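Taken in order, these protein sequences are the chains called D and Y.
The numbering used here puts the first residue of the first sequence at 1, with every later residue one more than the last.
The numbering used here puts the first residue of the second sequence at 1, with every later residue one more than the last.
Please keep in mind that the hints were generated in silico from the structure rather than gathered at the bench.
Computed from a prediction, not measured in an experiment: that's the story for all the values here.
Any given hint could be a false lead.
[To be verified] Stretch-level coverage of chain Y by chain D, calculated; a stretch enters the list once three of its residues show a Cβ under 8 Å from a Cβ in chain D:
#: 1; stretch: 1 to 8
#: 2; stretch: 11 to 19
#: 3; stretch: 30 to 44
#: 4; stretch: 63 to 70
#: 5; stretch: 73 to 82
#: 6; stretch: 150 to 162
[To be verified] From the derived model, a few chain D residues whose C-beta atoms are all more than 10 Å from chain Y:
#: 7; residue: Thr-7
#: 8; residue: Val-25
#: 9; residue: Leu-29
#: 10; residue: Asp-31
#: 11; residue: Pro-33
#: 12; residue: Pro-54
For each residue, glycine too, the CB sits at the ideal point set by N, CA and C.
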Amino acid sequence: MANHPETELVPYVRGELAPADRERVAHHLDDCPDCRQDAEDLRELLSQLTRTAPLPPALHWGRWRAELGEKLEARRARARAWWWRPLPLAFSAGLAGVVLLLAVWGGWRTPTGVESLTMEEAMLGGRFGLLQQYSVVERLDLLEDLDLIRNLDQLAGTREG
Amino acid sequence: MELTDEALCQRVAERDEAAFDLLVARYQERSYRLAWSILRNAEDARDVSQEAFIRLYEAAASFGGRAKFSTWFYRILVNLCLDHRRKNKGWRLWVREDEDPGSGESLLDRQPAPARDPVDALGRERTLSALWSAVDRLAPQQRAAVILQVQEELPTAEIAAVLKCSEATVRVHLHRALKTLKQTMERR
C-alpha cells in the first residue's frame, strides 16, 4: 500500500487532524496493519512521555522574583545611561571620527608637484655637493640678475685689455 | 473580571508594573519548567527564564496580538534556550550531570504522586531514564517539538508558531523524534 500517512499519525492520535484528513487516515489504518501498529505505539509512547515528564529541581520563587527585579532594574539603568548621556557619546564619536579622518587623510596624502620638485632638488643638491656651496649658488642667481653672465666675454676682453 | 494575557501584555507595553507582575506570576513556573526541560540545568533554566521575562518587558510593544500571548512568549523562551545551548557546547548528554549535587533525587522521585509497585520500581526507573536520555539526545528542534507537545500539550499548529516553521515541518520533527525514541526503547 503506497502513501503511508507517517507524519500524520501523531496529529491523528492526538485528534488534531481536520475531519477530512482524519477520515482518510482512519480509512488507511483500517487497511494497513503496519500503520495501525505504528499509531498504537505512538499513542502509547506519547502517553508515557506525558505521564513521566521529569520535574525540574524546586526553586525558591521569592528569590527568583527578587533576582528578576534586580536584573530588570539593571537593564533599565543601562538603557537610561544610554539615552541620558547623548552629548558625551556624540562628542566621543565625533572626536574618534576626526582622528580617524586625519589618520586616513595623512596616510593617503601624496606629495604635490611643488613638494616633489623641492625634494628632487634637495636630492640632486645633496648628490652634487651644491648645498654645501650654497653661498656660491646664491651669488650665481645674483649674477644672473645683473645680466653679467651674458657679458662675460666682454668682461674677459676688458680684463685682457 | 480577570484580564487576559494579551490585555496584560498591552499594559506591560505601557509600562504597567502590576500587569507585568501578574504575567510573571502566571508564567514563571511554566517558563522555568520548559527552560529546564530543554537545558537540563537548573541554574541555566533559572537565568534563561528570567531573561525571557526581561525580553517580554522590553518587547511587549511589539506583541501585535495576532498570535496568542503564550505562543509569542514561548517563542521568546525557546529561542533563548536554543541560543543558550548553541553557545554552550551544543547538544550534550547530561541527564545525570545537570542534577543538583547532593539532591540525590532520581527521575522517579520527581514524578508526581506515583502509585507504583515497589517490585517494578527499579525496572521502571531504568526505562524512564533510558527514555528521557533518548529525548536528551534528540536534535534541538525535535527535542523542543517533543517537549512542547508532551509537556506543554501544545497542538502542532502552535508548536509551529513557537518554532517559527511550518506545521508540516513540526510533523516531520515529531515523527522522526518519536520513531527514534521507539527504536531506542525497542533495543532495550
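Right, here's what the structure says about each hint:
Coverage of the stretch 1 to 8 of chain Y by chain D is violated [criterion: at least 3 residues with CB-CB distance below 8 Å; count 0]. With 0 residues carrying a beta carbon less than 8 Å from a beta carbon of chain D, the stretch 11 to 19 of chain Y misses the three-residue requirement, and the given coverage is violated. Taking a C-beta to C-beta cut-off of 8 Å, the stretch 30 to 44 of chain Y contributes 5 residues in contact with chain D, enough for the three needed, and the coverage statement holds. With 0 residues bearing a CB less than 8 Å from a CB of chain D, the stretch 63 to 70 of chain Y misses the requirement of three and the coverage assertion fails.
Given a C-beta distance limit of less than 8 Å, the hint that chain D covers the stretch 73 to 82 of chain Y is violated, as 0 residues qualify and 3 are needed. Only when three residues or more bring their CB closer than 8 Å to a CB of chain D does the claim for the stretch 150 to 162 of chain Y stand; here the count is 6, and the claim holds. For Thr-7 (chain D), the condition that its CB be more than 10 Å from all CB atoms of chain Y is violated, with the nearest at approximately 4 Å. At roughly 12 Å from the closest C-beta of chain Y, the C-beta of Val-25 (chain D) stays outside 10 Å, upholding its exclusion from the interface.
Listed as a non-interface residue, Leu-29 (chain D) keeps its Cβ farther than 10 Å from every Cβ of chain Y; the least gap is roughly 15 Å. With 10 Å as the threshold on Cβ separation, the claim that Asp-31 (chain D) sits away from chain Y holds: the shortest Cβ distance comes to roughly 20 Å. Non-interface status of Pro-33 (chain D) relative to chain Y is upheld: no Cβ of that chain comes within 10 Å, the nearest being about 17 Å off. The Cβ of Pro-54 (chain D) sits about 5 Å from the closest Cβ of chain Y, inside the 10 Å cut-off, so the non-interface label is violated.
In terms of the numbered hints stated before, the structure departs from hints 1, 2, 4, 5, 7 and 12, listed from lowest to highest.
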